[in-house]
Amino acid sequence: MQEGGYNNAKYWEAEGNKWREYTKAQYPVFWIKKGDDYLYRSMLEEHPLPLDWPVDVNYHEAKAFCNYLSEKTGDLIRLPTENEWQALRQQAGVTQTVYSEGFNIALQKYASSEPVNVNKSGEFYDVVGNVWQWTETPIYPFEGFNVHPLYDDFTTPTFDNKHNLIKGGSWVSTGNEAMKDSRYAFRRHFFQHAGFRYVQGKRVIAVNDFDYESDTQVSQYSEFHYGDEYYGVPNFAKASAQFCIDAMQGRQHAKALDLGCAVGRSTFELAKYFDHVDGIDFSARFIKTAFEMQERGEIRYNLIEEGELTSFKARKLSALGLDDSVDNVAFAQGDACNLKPQFTGYDLIFLGNLIDRVYSPRKVLTDMATRLNKGGLLVVASPFTWLEEYTERSEWLGGYKDENGETLSSTQALEDALGHSFKRIAEPKDIPFVIRETKRKYQHTLSEFNVFEKIE
1 MQEGGYNNAK
11 YWEAEGNKWR
21 EYTKAQYPVF
31 WIKKGDDYLY
41 RSMLEEHPLP
51 LDWPVDVNYH
61 EAKAFCNYLS
71 EKTGDLIRLP
81 TENEWQALRQ
91 QAGVTQTVYS
101 EGFNIALQKY
111 ASSEPVNVNK
121 SGEFYDVVGN
131 VWQWTETPIY
141 PFEGFNVHPL
151 YDDFTTPTFD
161 NKHNLIKGGS
171 WVSTGNEAMK
181 DSRYAFRRHF
191 FQHAGFRYVQ
201 GKRVIAVNDF
211 DYESDTQVSQ
221 YSEFHYGDEY
231 YGVPNFAKAS
241 AQFCIDAMQG
251 RQHAKALDLG
261 CAVGRSTFEL
271 AKYFDHVDGI
281 DFSARFIKTA
291 FEMQERGEIR
301 YNLIEEGELT
311 SFKARKLSAL
321 GLDDSVDNVA
331 FAQGDACNLK
341 PQFTGYDLIF
351 LGNLIDRVYS
361 PRKVLTDMAT
371 RLNKGGLLVV
381 ASPFTWLEEY
391 TERSEWLGGY
401 KDENGETLSS
411 TQALEDALGH
421 SFKRIAEPKD
431 IPFVIRETKR
441 KYQHTLSEFN
451 VFEKIE
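Going by UniProt numbering, the first residue of the sequence shown is number 1, and it counts up by one from there.
Please keep in mind that the hints were generated in silico from the structure rather than gathered at the bench. One should not assume that every hint holds.
[What the hints assert, rightly or not] Label pairs and their in silico Cβ distance ranges:
| id | residue 1 | residue 2 | range |
| --- | --- | --- | --- |
| 1 | Thr344 | Ala9 | 47 to 53 Å |
| 2 | Lys109 | Gln217 | 50 to 56 Å |
| 3 | Asp324 | Asn161 | 40 to 46 Å |
[What the hints assert, rightly or not] In silico DSS-like cross-links for lysine-lysine, where the CA-CA straight-line distance does not exceed 30 Å:
| id | residue 1 | residue 2 |
| --- | --- | --- |
| 4 | Lys238 | Lys340 |
| 5 | Lys401 | Lys238 |
| 6 | Lys423 | Lys340 |
| 7 | Lys363 | Lys313 |
| 8 | Lys401 | Lys423 |
| 9 | Lys34 | Lys72 |
| 10 | Lys374 | Lys255 |
| 11 | Lys72 | Lys109 |
| 12 | Lys34 | Lys162 |
Every residue, glycine too, gets a C-beta built ideally from N, C-alpha and C.
Turn these sequences into a full structure, and let the hints guide you.
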């Protein structure tokens with residue numbers, strides 16, 4: 001304060017700066033400036049500022065102080081993570097399930113804080129009690145987390161990377177709040193009888209910034225690719241990749257293209273067999289999810305149960321046996337009708353439920369001939385649900401009667417569109433898939449798989 005920290009933006013994180021500019025704060029919220037001195041506003045009275053009490057601040061103020069002290073000392077100063085705080089508690093010997101005697105907690109001493117050098121545990125003071133302690137960790141769910149129907153809105157609204165965990169309880173914390181395994185999180189601008197202790201070290205931490213995907217379509221496709229099987233129908237992305245791999249037996253299999261890869265499961269599955277697989281999709285939201293799965297090995301998303309009620313899912317590549325293939329995969333956003341020139345030289349190109357969702361199917365098919373190696377395979381899978389919202393009527397491959405009144409099926413039109421560069425090597429095969437929309441609504445569809453070899 002005396003060095004102008006509240007007015008120096010360089011010490012504040014972006015969110016903290018917004019709070020500072022909005023509130024015009026010049027000192028902690030429970031301090032009262034009186035002339036050249038300060039008073040402290042406790043719950044019951046105002047009294048001279050007790051400099052040996054913990055300071056009551058929000059996360060932004062605590063973080064700004066750490067940044068200030070880092071600059072001043074030349075050391076890396078930061079708040080502890082949740083795991084580091086737990087390690088501190090363990091080292092200090094504070095292992096009881098419920099905190100009781102020996103701490104300023106659960107109203108056992110005062111209706112206020114007390115000096116920080118009173119409650120000692122091992123080599124540390126105030127490991128628990130007195131004030132809550134801010135951490136660097138935004139709250140996140142542990143593996144296996146599920147919402148309890150009797151309290152469905154307690155934790156889930158905080159899984160947004162905007163609520164940081166506070167640990168240890170305060171003088172007024174009772175019940176669950178005074179237990180060693182409690183996990184409470186608040187917005188960073190909140191005041192909850194919370195202070196902080198800081199960590200000095202050389203290690204820069206990577207703070208969890210893992211969101212639950214809430215976009216309905218992305219969540220549906222995340223479940224479609226990585227989630228549960230429904231009504232006995234095998235996972236479509238896995239089945240599609242296996243179909244392609246079976247068709248490729250005895251052929252060169254260095255490089256594959258998964259065009260229309262959505263959120264990436266089929267790309268990872270193909271990478272178990274191919275040396276390299278490119279996964280491309282038009283949707284930036286889908287590719288973002290595929291990137292996250294590749295980089296983190298895990299994605300999280302909300303599923304609609306009914307109305308506004310949702311459930312939370314977390315899926316890991318390791319649980320699907322796909323974590324060894326991540327280095328063989330590259331994802332990119334792209335337009336199937338206008339791919340960049342570097343995407344070429346493939347032994348397999350898989351168009352998964354794509355051809356009836358592009359604006360120029362014939363252009364895509366013509367282009368594939370230039371990107372596939374001779375002897376390579378083109379696998380086209382589609383339910384052929386032609387809709388004018390995706391493809392103008394004049395661009396449909398089939399699914400209508402021609403000028404002579406003859407029925408033109410998409411299967412035949414597909415073969416005709418590929419021309420002399422390809423030959424069919426297998427009869428069409430239907431593979432089913434199920435997409436979950438809500439707890440009680442599902443889409444069941446058959447996708448027709450057609451396999452062609454490039455011959456010239």
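Are the Cα atoms of Lys401 and Lys423 separated by 30 Å or less?
-> Status holds; Cα separation ~25 Å.
Lying within 47 to 53 Å: is that true of the beta-carbon distance Thr344 to Ala9?
-> holds, 49 Å
Would you check the hint for Lys72 and Lys109, treating anything up to 30 Å between C-alpha atoms as holding?
-> violated, 37 Å
Is the hinted pair Lys34 and Lys162 satisfied, with a Cα-Cα distance of at most 30 Å?
-> With Cα atoms ~34 Å apart, Lys34 and Lys162 exceed 30 Å; violated.
With a cut-off of 30 Å on the C-alpha distance, tell me whether Lys423 and Lys340 pass.
-> Since the Cα atoms of Lys423 and Lys340 sit roughly 26 Å apart, the hinted pair holds (cutoff 30 Å).
Pair hint outcome, Lys34 versus Lys72 [Cα-Cα no greater than 30 Å] | holds, 29 Å
Assess, step by step, whether the Cα of Lys363 is no farther than 30 Å from the Cα of Lys313, and give holds or violated.
-> Violated: Lys363 and Lys313 sit about 38 Å apart, past 30 Å.
Is Lys401 within 30 Å of Lys238, Cα to Cα?
-> Measuring from Cα to Cα gives roughly 35 Å; hence the hint is violated.
Is Lys238 within 30 Å of Lys340, Cα to Cα?
-> holds, 27 Å
Is it true that the C-beta distance of Asp324 to Asn161 lies inside 40 to 46 Å, as the hint says?
-> violated, 29 Å
Is the distance from the Cβ of Lys109 to the Cβ of Gln217 consistent with 50 to 56 Å?
-> holds, 54 Å
Assess, step by step, whether the Cα of Lys374 is no farther than 30 Å from the Cα of Lys255, and give holds or violated.
-> With a Cα-Cα distance of about 13 Å, the restraint between Lys374 and Lys255 holds, given a limit of 30 Å.
In terms of the numbered hints stated before, the structure departs from hints 3, 5, 7, 11, 12, listed from lowest to highest.
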